[in-house]
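Undergrad: Chains A and B are the protein sequences, given in the same order.
So in the working numbering, the last one in the first sequence is 402, and the numbering has no gaps at all.
So in the working numbering, the last one in the second sequence is 402, and the numbering has no gaps at all.
Read the hints as simulated data drawn from the structure, not as lab findings.
The reader is advised that the hints may include incorrect statements.
Since the list can't tell identical chains apart, any single copy or any two copies may satisfy a pair.
Claimed, not checked - DMTMM-like, lysine to aspartate or glutamate: derived pairs with alpha carbons at most 25 Å apart: (1) K31 / D362; (2) K343 / E9; (3) K31 / E273; (4) K343 / D328; (5) K204 / D116; (6) K204 / E313; (7) K31 / E15.
Protein chains: 2
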Amino acid sequence: MDLNFIKELTKKAETKVVLLLVDGIGGLPKTAGGKTELETAKTPNLDKLAAEGICGLHVPVGAGVTPGSGPAHLGVFGYDACKYFVGRGVLAALGIGFDLHEGDVAARGNFCTVDDAGVITDRRAGRIATEKNQALCAELSKITLSGAEVFVETVKEHRFLLVLRGKGLSGEVSETDPNKEGNPPREPVGETPDAEKTAALVKEFAEKAKTVLADHHPANMVLLRGFSQKPDWPTFGEVFGVRAAGIASYPMYRGLGKLIGMDVLETGTTLEDEFATLAERWDDFDFFYVHVKPTDSAGEDGDFDRKVAKIEAVDALVPRLMKLAPDVLVVTGDHSTPAVLKSHSWHPVPTLIWSAYCRCDGVTSFGEKACITGGLGPRIPAVELMPIAMANALRLDKYGA
Amino acid sequence: MDLNFIKELTKKAETKVVLLLVDGIGGLPKTAGGKTELETAKTPNLDKLAAEGICGLHVPVGAGVTPGSGPAHLGVFGYDACKYFVGRGVLAALGIGFDLHEGDVAARGNFCTVDDAGVITDRRAGRIATEKNQALCAELSKITLSGAEVFVETVKEHRFLLVLRGKGLSGEVSETDPNKEGNPPREPVGETPDAEKTAALVKEFAEKAKTVLADHHPANMVLLRGFSQKPDWPTFGEVFGVRAAGIASYPMYRGLGKLIGMDVLETGTTLEDEFATLAERWDDFDFFYVHVKPTDSAGEDGDFDRKVAKIEAVDALVPRLMKLAPDVLVVTGDHSTPAVLKSHSWHPVPTLIWSAYCRCDGVTSFGEKACITGGLGPRIPAVELMPIAMANALRLDKYGA
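All chains, full assembly: derive it from the sequences and hints.
TA: This is the structure in structure tokens:
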């Protein structure tokens, strides 16, 4: 089933759908046979929804595949990540509201620390303050290249955005980040003949950046990756026939919403801010994507107990959401982030769909083990969730006579 | 897996397979947390088969997709509905035994009621009697077009078949049915340049029909849809290596059987008639498709209790079927038709496969919730059922050495 197939079936309806995406919600027990973060958390509100809804676990990209945030989100949004690929550079650009033009090449940059021999000693330059980042980006913006305009924009801490604007550029350039300390930055290479010009520009930029940053230890070098150009895809609103809003405080997820044409709303930095925005804008849209970041951050930090607490914080806000009376609520994550792994993982992601027509299963609590026996099954492909949600919202027409 | 793959594996066997297709069998509870129609029905015989067999729920076309009867049936028969598409006109033609020639364009017609301004006030002309339909079709058959022969045949009540026969015709013509009362009929449009000639003929027919029917209120106009030509597919018998019979009283389902080359047997109008035909012709075939319509009709009418009763009526006939000693019995539906939705739906369809070799699971009753935990899983694609049934009949050879 592709997106056009679904698009043909959409019909008008007054129903409202909420996708509450709890980033990295899936986990693992601290010790074999124990409970996961989600199973440990006291979640009376999510448990009630699980009991009334249909549950299961979704596979974000494919069996055994640990997805990054981009492909994982796109999968839940219904866009097959193997078909709809987007580079991290483009995501970073969208996330900070950078006006990416057709043909621009965007890359995600890190300030990093190199020693006198040019070997990387800290890939994140000690996570410098955002203010320092801004000062350095101002310096880097002065770099000129023959053949492309240069834009260097602060993202947060050690992260920045590089955009090259010019004719005949390509995103098919290899990253300069060796992904491990103890190595020098890599030389960028054009992965197709068309990309050789762009690779040469990137190389020139990195060399000039090294000179500009020489006296700014620990941020004395840059690493560049995720070279990419803005894709031309059908929007989420077109595909599913909804006015879609995205509510996310973190740039990456704002960017993901924008990438598929959602209206990404102004909101604050906390979960409470996001839920307040949802309530304020309830009448203006009929689909809401609400992104919850702290669960993933806790998992990435290996902090099991903090992840439990963050899940409980989400649960505590659920009644506020239900008071808005959505017709369909989907609660899931983009991927699992088990604290014991301190990273994203390949594990299927707990999922519940609640609606008047969901055909309730026997699951009575929202957790990994319970979801295995749910009606969505233990391994439903992520891309199937949105069509099911829209069907539950009575927004899809019959196929064929 | 495509049909040719299966075809290569078929081998001769003396086994007999029955597909008992209980139309629209899947449902929803009347109130949240309650029982569905199937779960409410007392079905001791189906429960026994479920306990001895392997159960699950199949997804007819794709996640969230509510299928029409055509694609839903084809899926259960093993034909991927996204690949094997057939128009409603062709189905209607086959269903009444009309001898459709290569290149004919068939359309499904409705008599409808229009007011003086030409606006549709009843898309079904009050479901006129079949006898009245016959008289009107005789009149419409006199219409002549320059460029095509015209056939107009009664189906049932307000429904008829239009066939145009001539050179260079195409089924790529848009429907004239606006699908809602309060609008005039639409003008037919050729969806490809090749189809413009056919669209013009359809337009001419509709105009002449309006004149012919002017004095026959409430049946004073026609609506035409499902323009299509007979496809050229491998037959069910070829694919699965069986002599296949279809037993169905309703034209649509007889047509579906014929479309894939089944011998569609003469039978009566009741379920008892169909089961009697099955017993009478038991020795002549080794695959039987038995279609049960009243469950779907009750669901479409929103009559929960009647659907329950019709399911119980099917259950009561199961012992008669088992007395024939089939080697494999598949009981499922083509799609779900929850009475609370009064329509087909996207929900997975309860399925059981019974044979000596099915590898029984833990399911002991035939219902939606119970089937979730069955060995076929909660979301098996419909197209996988026939290969599994044929394997259980020991009719498929080993693949590879």
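Undergrad: Hint by hint, say whether it matches the structure.
TA: Checked hints:
Taking the shortest Cα distances, K31 and D362 sit within 25 Å of each other only across copies (15 Å), while inside one copy they are farther apart (28 Å). Taking the shortest alpha-carbon separations for K343 and E9, only the inter-copy value of 22 Å comes in at or below 25 Å, while the best intra-copy value is 42 Å. Taking the closest pair of Cα atoms, K31 and E273 never come within 25 Å of each other, the shortest separation being 29 Å inside a single copy and 36 Å across copies. For a Cα distance limit of 25 Å, the shortest separation of K343 from D328 across copies, 19 Å, qualifies, whereas the shortest one inside one copy, 35 Å, does not.
Only within a single protomer do K204 and D116 lie at most 25 Å apart by alpha-carbon distance; the minimum there is 19 Å, versus 75 Å between protomers. Within a single copy, K204 and E313 get their C-alpha atoms no closer than 47 Å, and across copies no closer than 64 Å, so neither meets the 25 Å cut-off. Taking CA atoms no more than 25 Å apart as the test, K31 paired with E15 passes between copies only; the shortest distance there is 22 Å, against 44 Å inside one copy.
Going through the hint list in order, the structure does not satisfy hints 3 and 6.
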